[in-house]
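*Asks:* Chain by chain, the residues run as shown.
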Amino acid sequence: MAVLLLADVYHGKLATDTVAKVLAAVKSLGEVHVLVAGQGGDAAAAEASTLDGVSKVLFAADQAYCYGLAETTAALIVSLAGSYSHIAAAATAFSKNVLPRVAALLDVMVISDVTAVVDADTFMRPIYAGNAIQTVKSVDSKKVFTVRTASYSAVCATGSASVETVSAAVDSSLSKWIEDKVAGPNRPELTAAAIVVSGGRGVGSQADFALIERLADKLGAAVGASRAAVDMGYAPNDWQVGQTGKIVAPTLYVAVGISGAIQHLAGMKDSKIIVAINKDEDAPIFQVADYGLVADLFNAVPEMVEKL
Amino acid sequence: MKVLVPVKRVIDYNVKVRVRADGSGVDLANVKMSMNPFDEIAVEEAIRLKEKGIATEVVVVSIGVKQAQETLRTALAMGADRAILIEATADVHTDIEPLAVAKLLAGVVKQESPSLVLCGKQAIDNDMNATGQMLSALLGWSQATFASELEVSRGRVRVTREVDGGLQTISVKLPAIVTVDLRLNEPRYASLPNIMKAKTKPLATMTPADYGVDIAPRLAVVRTQEPAGRKAGVKVGSVSELIAKLKDEAGVI
Chain A
1 MAVLLLADVY HGKLATDTVA KVLAAVKSLG EVHVLVAGQG GDAAAAEAST
51 LDGVSKVLFA ADQAYCYGLA ETTAALIVSL AGSYSHIAAA ATAFSKNVLP
101 RVAALLDVMV ISDVTAVVDA DTFMRPIYAG NAIQTVKSVD SKKVFTVRTA
151 SYSAVCATGS ASVETVSAAV DSSLSKWIED KVAGPNRPEL TAAAIVVSGG
201 RGVGSQADFA LIERLADKLG AAVGASRAAV DMGYAPNDWQ VGQTGKIVAP
251 TLYVAVGISG AIQHLAGMKD SKIIVAINKD EDAPIFQVAD YGLVADLFNA
301 VPEMVEKL
Chain B
1 MKVLVPVKRV IDYNVKVRVR ADGSGVDLAN VKMSMNPFDE IAVEEAIRLK
51 EKGIATEVVV VSIGVKQAQE TLRTALAMGA DRAILIEATA DVHTDIEPLA
101 VAKLLAGVVK QESPSLVLCG KQAIDNDMNA TGQMLSALLG WSQATFASEL
151 EVSRGRVRVT REVDGGLQTI SVKLPAIVTV DLRLNEPRYA SLPNIMKAKT
201 KPLATMTPAD YGVDIAPRLA VVRTQEPAGR KAGVKVGSVS ELIAKLKDEA
251 GVI
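Read top to bottom, the protein sequences are chains A and B.
Note that our numbering has the first sequence beginning at 1, numbered continuously upward.
Note that our numbering has the second sequence beginning at 1, numbered continuously upward.
If we strip away everything but chain A, and leave its shape as in the complex, we get:
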């Protein structure tokens, strides 16, 4: 039994922490080979070879695999799949684009967002935005799955595996990359941020949402919003945290003027520390908050910005 681990590589740089956490998840399954795909990924391949538990790095240095295009990357993985019992990757936008395609080409089911590898066939994963945890046993010959890295601690980098070049004939005519735009340099991306500050209906207007943004910037945090705030037009839709928005699990989540509707809780309840600031002391958000402050946000937030 051996595992093929598809590494997240962005613009030639290995997402080392992400890959190191997936390694922690899959190391019990057998020998692990890491696949680094994309032109200019030499350094990424070299870095992957130092991670503990990697016995070989496969490096596919072809332009066709740049930018994580699904069609070519999936075809490459399928060409290598023969000798592996498991094909795994982190549950990132990159892998979620590629691995279901791989699974269908191999005629197996994909298992997304795995939070625990129970044994070679059995996996735990959240469903209903984390409101239930399901344990599933796969009957497929190969297991193709993505791992939620938040559940694991990264392995160390004291290894020295060999790097082997691989290639495959793939059709690169289906999709063409045009551009990548990274989120504003000053604010972290919502799903990757260590701290998230979110505003809800209680903020009251689009203009007053600047208060939330000020607190977020003071903390170096991403800005989120409840669906109610988005529906009222206070905040753009891409800030939405919740079942129909982004699912986040930062170290610190600050919910300001958010009552704590089920749909919002589903998107943030796996955060390490939750702070709630709300003037309604009976708001359901206080039932999940580690620290609750019953206060008018229009006083508390400026005071917090000043004192931080």
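Hints are supplied without guarantee of correctness; some may be wrong.
Calculated pairs, EDC-like style, for lysine to aspartate or glutamate (alpha carbon to alpha carbon, straight line, at most 16 Å) [claimed, not checked]:
no. : chain 1 : residue 1 : chain 2 : residue 2
1   : B       : 201       : B       : 81
2   : B       : 235       : A       : 296
3   : A       : 307       : B       : 241
Hints in this document: simulated from the structure, not taken from any laboratory.
Fit chain B to the known structure of chain A by using the hints.
*Replies:* Chain B only, in chain A's frame:
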């Protein structure tokens, strides 16, 4: 250009999910069901393409229980032209896996020959985020997932995708599968006259056997359990106390 939109009947996003006491799954009896929110966005986008004169026909398809008819009628009331229901189970607690759904949809695509399939990026029940990608693989079509903007012109679709850390723009050749994310649009509410009109729009009922697809699951559900609960913490009396707790006790700032 014909556009096909698969829609799924799921538990309404505002309903509190309850895990069955015997661990066999989530309780779906007598709870409010709605169209998967991401599928609603896909339907809206297809209708907008028709309104712009790019799409000529919008066909919606649902796979599951007979009651999914209601979901299809909702899509018809929004403005879709025609619906197909593939009755794959009689049990509301049976979730047809994305691989089987993709195989059935591939069968529908072969009959209907759409140029574009617009799917929701994931269903909010099983959260698998797989059907669109799998369908694309089975058909050998181009694939653009997590779309927040799309523009169809000259046999291609230019898609802006929501990826980790920002946005990626790609151009895919038609025919293509595009899965849609939240920012793409805000779905309309169906008006009463359109709801009435939807009742007379065509809705064909099929079975998996019609497409020669084996829908047996590949993943056996061993157990479904409640997530580890969170306990309410403490109330603090002031902003200063809050900051002190976050610094000294939690160590998160």
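*Asks:* The structure should be examined with respect to each hint, and the outcome stated for every one.
*Replies:* Checked hints:
| no. | hint | result |
| --- | --- | --- |
| 1 | B:201 with B:81 | 7 Å, holds |
| 2 | B:235 with A:296 | 14 Å, holds |
| 3 | A:307 with B:241 | 11 Å, holds |
The structure shown violates none of the earlier numbered hints.
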